[in-house]
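Residue numbers (my numbering), protein chains in the order written: chain A, 13 to 404; chain B, 7 to 348.
Hints were generated in silico from the structure; no laboratory data involved.
No incorrect hints appear here.
Think about it this way: if two alpha-carbon atoms lie no more than 20 Å apart in a straight line, the pair counts; the simulated DMTMM-like pairs of lysine to aspartate or glutamate are:
| # | chain 1 | residue 1 | chain 2 | residue 2 |
| --- | --- | --- | --- | --- |
| 1 | B | K305 | B | E286 |
| 2 | B | K38 | B | D81 |
| 3 | B | K38 | B | D298 |
| 4 | A | K256 | B | E149 |
| 5 | B | K38 | B | D240 |
| 6 | A | K158 | B | D187 |
| 7 | B | K38 | B | D246 |
| 8 | B | K140 | B | D194 |
| 9 | A | K158 | B | D220 |
| 10 | B | K280 | B | E260 |
| 11 | B | K280 | B | D269 |
| 12 | B | K84 | B | D58 |
| 13 | A | K158 | B | D194 |
| 14 | A | K256 | B | D151 |
| 15 | B | K305 | B | D81 |
Computed beta-carbon distance windows for the label pairs:
| # | chain 1 | residue 1 | chain 2 | residue 2 | range |
| --- | --- | --- | --- | --- | --- |
| 16 | A | P144 | B | A119 | 38 to 44 Å |
| 17 | B | M115 | A | S383 | 31 to 37 Å |
| 18 | B | S216 | A | I236 | 46 to 52 Å |
| 19 | A | G86 | B | M115 | 15 to 21 Å |
| 20 | B | D151 | A | I106 | 30 to 36 Å |
| 21 | A | G237 | B | M176 | 43 to 49 Å |
| 22 | B | P218 | A | P144 | 27 to 33 Å |
| 23 | A | G264 | B | S216 | 29 to 35 Å |
| 24 | B | P89 | A | S39 | 40 to 46 Å |
| 25 | B | E291 | A | S383 | 55 to 61 Å |
Nothing here was measured: the structure is a model prediction, and the numbers come from that model.
Think of the CB as a built atom: it goes at the ideal place given N, C-alpha and C, for glycine as much as any other residue.
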Amino acid sequence: MAGRAATTSVLNNSKFRAILYQLIMASLLIYLGWSIAENTIANMEARDIRAGFGFLDETAGFSIMMSLVPYEPGDTYGRVFLVGLLNTLLVAGIGVVFATMVGFLVGIMRLSQNWVVSRLATIYVEIFRNVPLLLQILFWYTAVLKPLPGPRQVFERNTEIYFGISNRGITVPEFIFLENFSFTTWTALLGILFTIGIHRWAKQRQATTGEQFPVFFAGLGLTIGLPILVFLLSGAPVEFTPAKMGRFNLAGGITIIPEFLAVLLSLVLYTASFIAEIVRAGIQAVNYGQTEASRALGLRNGTTLKLVIIPQALRIIIPPMTSQYLNLTKNTSLAAAIAYPDLVATFAGTALNQNGQALETLAITMTVYLSLSLLTSALMNWFNSRVKLVER
Amino acid sequence: MKKLFLSCLSIALLGGIAIAGGHEKGTLSAVKSKGHIQCGVSQGLPGFSNPDDQGNWSGLDVDFCRAMSAAVFGDADKVKYTPLSARARFEALRSGEIDVLARNTTWTMQRDATLGLEFVGVNYYDGQGFMVRKTLGVNSAMELDGASACTNTGTTTELNLTDFFRANGMQFELVAFERADEVVAAYDAGRCDVYTTDRSGLAAQRTKLSNPNDHKVLPEIISKEPLGPVVRQDDPQWADLARWTLNAMINAEEMGIDSSNVDSKRSDSNPAVKRLMGTEGDLHEAIGVNNDWAYNIVKQVGNYGEVYERHVGANTPLQLGRGGTVNDLWTNGGLIYAPPVR
Ligand SMILES: N[C@@H](CCC(=O)N[C@@H](CS)C(=O)NCC(=O)O)C(=O)O
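My request is simple: use the sequences and hints to build the entire structure.
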């Protein structure tokens, strides 16, 4: 051993060399980035261009049409950032859920034995994945706006409106949860915990005794039925304040703006067309022999799908699905085209233009999209490792 | 818009590099060696900068760039245009993508003092106004409590509007689009009760509505919008050239020199006229052009009054009559005034 150590220096150790190269590369990159940043800032100062992140504390001075947190024009650019970020997360979050549902549905429809159903699904996929997304957004915006009447045409002045649809959006009453509502919340939380427990217990019981338990219906009752019962018993503790028609618009209430609807609709329909193909490919990739084997064991069609096909298909479906989710999230930035106040429109748009600090603003915005993407990937990778087939 | 966002981004990055590298030689020599001026304009605002079917640009702002070209090259046509959204315009100038920005841009302290840019003068005194459908029965902006307002993002307009409603304790919904066409379309589709922008812009965009006569402009003017050309702050010679191009057009009008009589004015004996026509003195050397620079401007583009009447005046679709307004010459009681060429 001693003799060998003398002839092989540590530099010849492949592990050590790999780490060394990585270190050299990383420090070079950091140095490069740092010197570019420093140089730029120095030069900007020399040219009277304001630099730094101090602007985040300054007053924005413009209003934003939709915000999930309280926002006033007197608030700071930092607040604008938060408002924009939340609006982006909202469409992205809801978009991912709906796109997945529509995508799975269409993907399974494409495999249907029924000629009409599978044709319809094919037509859907071909149309929505081949038309540029920006066009679809503009189309849906016009399609949402044009046929809807103006608020003055449908609502009478000074009347209370519980449910209103106009070209200014869909309006529902504002609701406030009264104190007693906490009973409902706790019941729901306990219901969820119990359902998880029952699920585990039922699995174990089936493994040992072979007996089955209707977990799904029990869970449904515990998480939804019971809370509804408690809600009613505690006296339906919610207060509704309807919107009221003013001279131009409904005032009060909660309004879902048409821009949001148009962006959501186009993102969902567009992304679902890709997801559908991924789902179809995933299912088709599972060898037909699996189905036959499963039937030979006497499993029913639904059970075959649930216990044999889907688990195997999922490991093929999930990795490409991740990139669809990432795409959807990044595509929300197209929303600026139709005035939906997402992060790009508000923070990297209006705010950037009012304070002129492009470098800083865009750096922050890019960091946000990067972090969102990395987070999504991390979550999906975790999920992937959970459903992955254990290979032998 | 993602494209736009990306291009903003790359412009910003290029800007960073350009800022890091610095503009080695002056803009004038760079312009001379490439053989044209790159002029930043709007994406289409009739009267100010608007392309026709063949893609030829015209307008008050366009003529400013043509005048600069006449001064530099003796040929008003050596201009190339870059259409810019309100949001992208300053970055485009800072990064060196364009040489001058003539895009109905309001001179404000923030833009002048913090962006590394320089406003060289005012070529149109404007103010923000409101347009509504006549059927609304609204006669004053003070009646707009609770209305939805459509406008362009990245403009002074957004801020003024917010200020106005806040100051008067009124509620409103701001619907802000990136492109002017989208604003017009949304307003036309009934998304908003009000369309607000510079009054000249209202006059121009109104011509694009499906029924221009169904709309009216409210009497209130809620802001000062001095619109003018902008250059980079780090090149004083180029800034002087831009500033004196505008001043030459205004001085020519004041002296009664226009494109039809400019040839005879070259032999005029009035010393002030001689200095402007370059037949006396050598001030042209300081801004790096030939002595016939102002002659070429007036001959090929016209004086300020001619350009005004051609693009936005009473006989254009915009119908912005000049007499008695702030945009008249100071000798007629207006604000159009240029320092002397001496
Ligand atoms: N003068 C204001 C507003 C300028 C502005 O962008 N106005 C709009 C509406 S009139 C416009 O020019 N749109 C034409 C375009 O987007 O190209 C400013 O400098 O911020």
